[in-house]
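For the protein sequence lines, the chains are A and B, in the order given.
Heads up: the first sequence is residues 1 to 566, going by the numbering used here.
Heads up: the second sequence is residues 1 to 109, going by the numbering used here.
Rather than coming from a laboratory, the hints here were simulated on the basis of the structure.
Wrong hints could be hidden among the right ones.
According to the in silico footprint, chain B covers these stretches of chain A (three or more CB under 8 Å from chain B) [unchecked claim]: (1) 64-70; (2) 149-162.
Here are the simulated DSS-like pairs of lysine-lysine, each with C-alpha atoms no more than 27 Å apart in a straight line [to be verified]: (3) A:Lys124 with A:Lys171; (4) A:Lys114 with A:Lys104; (5) A:Lys114 with A:Lys124; (6) A:Lys114 with A:Lys82; (7) A:Lys89 with A:Lys104; (8) A:Lys196 with B:Lys46; (9) A:Lys195 with B:Lys46; (10) A:Lys124 with A:Lys104; (11) A:Lys552 with A:Lys289; (12) A:Lys207 with B:Lys46; (13) A:Lys104 with A:Lys82; (14) A:Lys95 with A:Lys122; (15) B:Lys86 with A:Lys233; (16) A:Lys82 with A:Lys95; (17) A:Lys361 with A:Lys349; (18) A:Lys236 with B:Lys86; (19) A:Lys552 with B:Lys86; (20) A:Lys236 with A:Lys552.
Derived DEER-like restraints, expressed as beta-carbon distance ranges [what the hints assert, rightly or not]: (21) B:Leu88 with A:Arg336: 47 to 57 Å; (22) A:Gly11 with B:Phe36: 41 to 51 Å; (23) A:Ser393 with B:Leu68: 53 to 63 Å.
Because the structure is a prediction, the values reported are computed rather than measured.
Idealized CB from N, CA, C, for every residue including glycine.
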Amino acid sequence: MLIIIIFLIGGGILGRLFSLQILQYDYYYALAQDQHDIYQDLFPQRGEIFIQDLADSRRNNQPNYSPLAINKEFYQVYVTPKEIADDQKDDLANKLAELLELDKETILERINKKDDPYEPIKHKVSQEIAQTITDWQIDGLATVPETWRYYPNGSLACHLTGFVGFEEEKKIGQYGLEGYYEDELKGVPGFLSGKKDTSGYWIPSLKQEFELAQDGSDLILTVDQNIQFKAEKELKQLVERWQAAGGTIIVMEPASGAIRAMASWPTFDPNQYNQVEDVGIFLNPAIQKVYEPGSVFKPITMAAGLDSGRIAPQTVYQDEGQIRIKGSTISNVDGRIYGQQTMTQVLEKSINTGAVFVQQKIGQDIFRDYVQRFNFDRPTGVDLIGEVGGNISNLFTGREINLATISFGQGITVTPLGLITAIGAIANQGKLMQPYLVEGIIKSDGQEIDRELKIVREVISPQTAGELTKMMVSVVENGFGQPARVAGYNIAGKTGTAQVADLEEGGYSEETIHTFVGFAPAFNPRFIILIKLDEPQGISFAADSTSPVFKKMAEYLFNYLEIPPQ
Amino acid sequence: MTSYIKSKRICPARQNQGLAILSILIILAIFCLGFFYIIQTNGLVKSSYQIRQQEEYLRELEVESQQLETEIANWQSPANLEELIKSLNLVEGGEAIYLGEETAVAVKE
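Same shape as in the complex, but just chain B:
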């Protein structure tokens, strides 16, 4: 058997080995892509869940803030203030006295 024939016999084995490596690489790539896809999807779902949680928390805070604003508005309403003033027995303000340009005013420096 010549060396040429020998090499011809060895070649198919090398070719098969190359194909096998390529196949493994493709499978690995698909596996990696699948793995990354799962990681991405998992991350997306996790983020969505966190966003949802934060949105719910934000909504709770908004409702709480709205309730506080309503309470402030109720307390600050003139009718309510008048009732409070009555209960405090405060005296109504008298006539305002304006200081004119010609009025003598003592200024402490």
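Just chain A, same shape as in the assembly:
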């Protein structure tokens, strides 16, 4: 009997050992490995974005960069519901709701998830609040540090930076520079594998593997924080004053294509991008929205005429107030008949029939060639994600009326950046520059990569550019651009008041888009500014809305960049 009992017990023990060591080998092996081995992904720090302070750099004779996008440590508050006593749950929910400004019911719902080892309560919690929670010393309630993207200037240059959002639960740069330079900014993850001690810390061993994470590269922008701030401030005031739907201001250095400011309205705070209801606000109107520019396009028509030798600034024509082309009538905006006018006067008074005269003089092929040379049909190649090109398809319809309207900026669409880049070529002795925002990339090992300037092509000769600049100076001195005049400085500019296409009923609506593009000092330009105002109310012409803002911006830049009067 005893032998049978011993046999049974022995058999039971052997059976159990067989079960543990053979049948459940994989499970216990994994469990043991988990206790001894460590495998960790090492996450790189995302590269930061810096903005310039040209004035401070000049004063101190060394570059001064201010952070525009950085990484900041926040905390995540989480609970382990199974560790929280039932009688404490309600009290805890009350305390958390008050401290974290959350709905009590939502917290209770999460706390009551039985057997849940981890339930997040709130992300992006400040260090002070995290410390308060730690001080409470409540079982099952804890905080863990987490790094988030932080934009210390709030909405400043929001359309340029974009933001870091989520895609399939992974952080990823979206829109603007964060999107365009995602590969450079995100860095390369590393990993660590080896043995760990009882506290879970890595201990050196023979079988260890370690690959260091490579942090992302930092970006140094061409944008100046003070010019950007001024542009945003002026734009906000302009939009509010004329109850406009939106607007854009771009400041660029014509000789290099370096963008000093790119402001658009409305704005958003990239720190709280998830609170924006209309995701359309994330689009950068300066590069992602096209419009019919109107008369501000006339210098391009003149450039084609002058450079092809078909007209000269003093070429005269007879304005009769309107031109009839195969049943369609093109009139001057103010309905006036100007009589005999020179090409300079055509620009000064922004005479539509004069622009049509030039287009007809140069013919379809040459006109089309010059519009393409100015790159209106392609994106500029600026280092921002999602840039679109203009639409010049009407140039290829072969219809005379289309060519005629395009000569004064109707029936063709451009982006504000495409337009300022094209006019910038006139300021830059005919050389079309590729605009850019990042002038340097600093890799995690300290290696610096400077951007090289890119000349897209010479679109017109330096002589043509010089003649056209004089004509555009005359626009500001004697024409519609007079409100943009600054005493002591030569300013070249052109206004444009374009009708907005009515997409529902066809034709054009009553709404307008006002634009002013100008550069100064005209014969040695240090900056070119584009100001665009969408659908302003109670004002008819760009000369009255955008030109005075150009004056304010130009005065600021003359002082800021220390440009003495001529």
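For chain A, the structure is supplied; the task is to place chain B on it using the hints.
Using the frame of chain A, we list chain B on its own:
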């Protein structure tokens, strides 16, 4: 008994003594190696712990430095500076006057 036989009888004792010494030496060597191993391991663990402590301290300093940098960036943001300037009732700078080459300038040596 001849002296030869005597020496033969003594030899195994000497051999045993030599083996005993060798054994003791081997045991001592193993003991020493074990002792050194323990010292080494102890040193390694101690160093690892110190490294960990230093890493934690470094991380604390990094977080503190990051917070200070963020604070500086917040204070230096143009929007914040403008608010500060408003509260100080400062007057906006007027038009800059440039001294040209032909302008008479008095220089104090």
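Hint check:
With a threshold of 8 Å between beta carbons, the proposed coverage of the region 64-70 of chain A by chain B holds, since 3 of its residues qualify and at least three are required. Counting residues of the region 149-162 of chain A whose beta carbon lies closer than 8 Å to any beta carbon of chain B gives 5, which reaches the threshold of three, so the coverage claim holds. Taken as a hint, the A:Lys124 and A:Lys171 pair is honoured in the structure, with Cα atoms around 14 Å apart against an allowance of 27 Å. For the suggested pair A:Lys114 and A:Lys104, the alpha carbons sit about 18 Å apart, so the restraint of at most 27 Å is met.
Distance restraint check for A:Lys114 and A:Lys124: the Cα-Cα separation of roughly 25 Å lies within the 27 Å cut-off, and the hinted pair is therefore satisfied. Restraint check for A:Lys114 and A:Lys82: the C-alpha separation of about 6 Å stays at or below 27 Å, so the hint holds. Taken as a hint, the A:Lys89 and A:Lys104 pair is honoured in the structure, with Cα atoms around 11 Å apart against an allowance of 27 Å. Distance restraint check for A:Lys196 and B:Lys46: the Cα-Cα separation of roughly 14 Å lies within the 27 Å cut-off, and the hinted pair is therefore satisfied.
Our distance criterion of 27 Å between C-alpha atoms is met by A:Lys195 and B:Lys46, whose separation comes to about 16 Å. The suggested pairing of A:Lys124 with A:Lys104 holds, with an alpha-carbon distance near 19 Å, which does not exceed 27 Å. Of the supplied pair hints, the one linking A:Lys552 and A:Lys289 holds, its CA atoms being roughly 26 Å apart against a limit of 27 Å. As the CA atoms of A:Lys207 and B:Lys46 are separated by approximately 20 Å, the hinted pair is consistent with the 27 Å bound.
For the hint pairing A:Lys104 with A:Lys82, the CA-to-CA distance comes to about 19 Å; that is within 27 Å, so the pair holds. With a C-alpha separation of about 14 Å, the suggested pairing of A:Lys95 with A:Lys122 holds against the 27 Å cut-off. In summary, the hint linking B:Lys86 to A:Lys233 is supported, as the alpha carbons are separated by about 15 Å, within the 27 Å threshold. Our distance criterion of 27 Å between C-alpha atoms is met by A:Lys82 and A:Lys95, whose separation comes to about 19 Å.
At most 27 Å may separate the alpha-carbon atoms for a hinted pair to count; A:Lys361 and A:Lys349 meet this at roughly 20 Å. Taking the CA atoms of A:Lys236 and B:Lys86, the gap is about 19 Å. The hint holds against a cut of 27 Å. At most 27 Å may separate the alpha-carbon atoms for a hinted pair to count; A:Lys552 and B:Lys86 meet this at roughly 20 Å. Our distance criterion of 27 Å between C-alpha atoms is met by A:Lys236 and A:Lys552, whose separation comes to about 14 Å.
Distance hint check: the CB atoms of B:Leu88 and A:Arg336 are about 52 Å apart, consistent with the given range 47 to 57 Å. Under the hint 41 to 51 Å, the C-beta atoms of A:Gly11 and B:Phe36, about 48 Å apart, fit the expected range. The hinted range of 53 to 63 Å is satisfied by A:Ser393 and B:Leu68, whose Cβ atoms lie roughly 55 Å apart.
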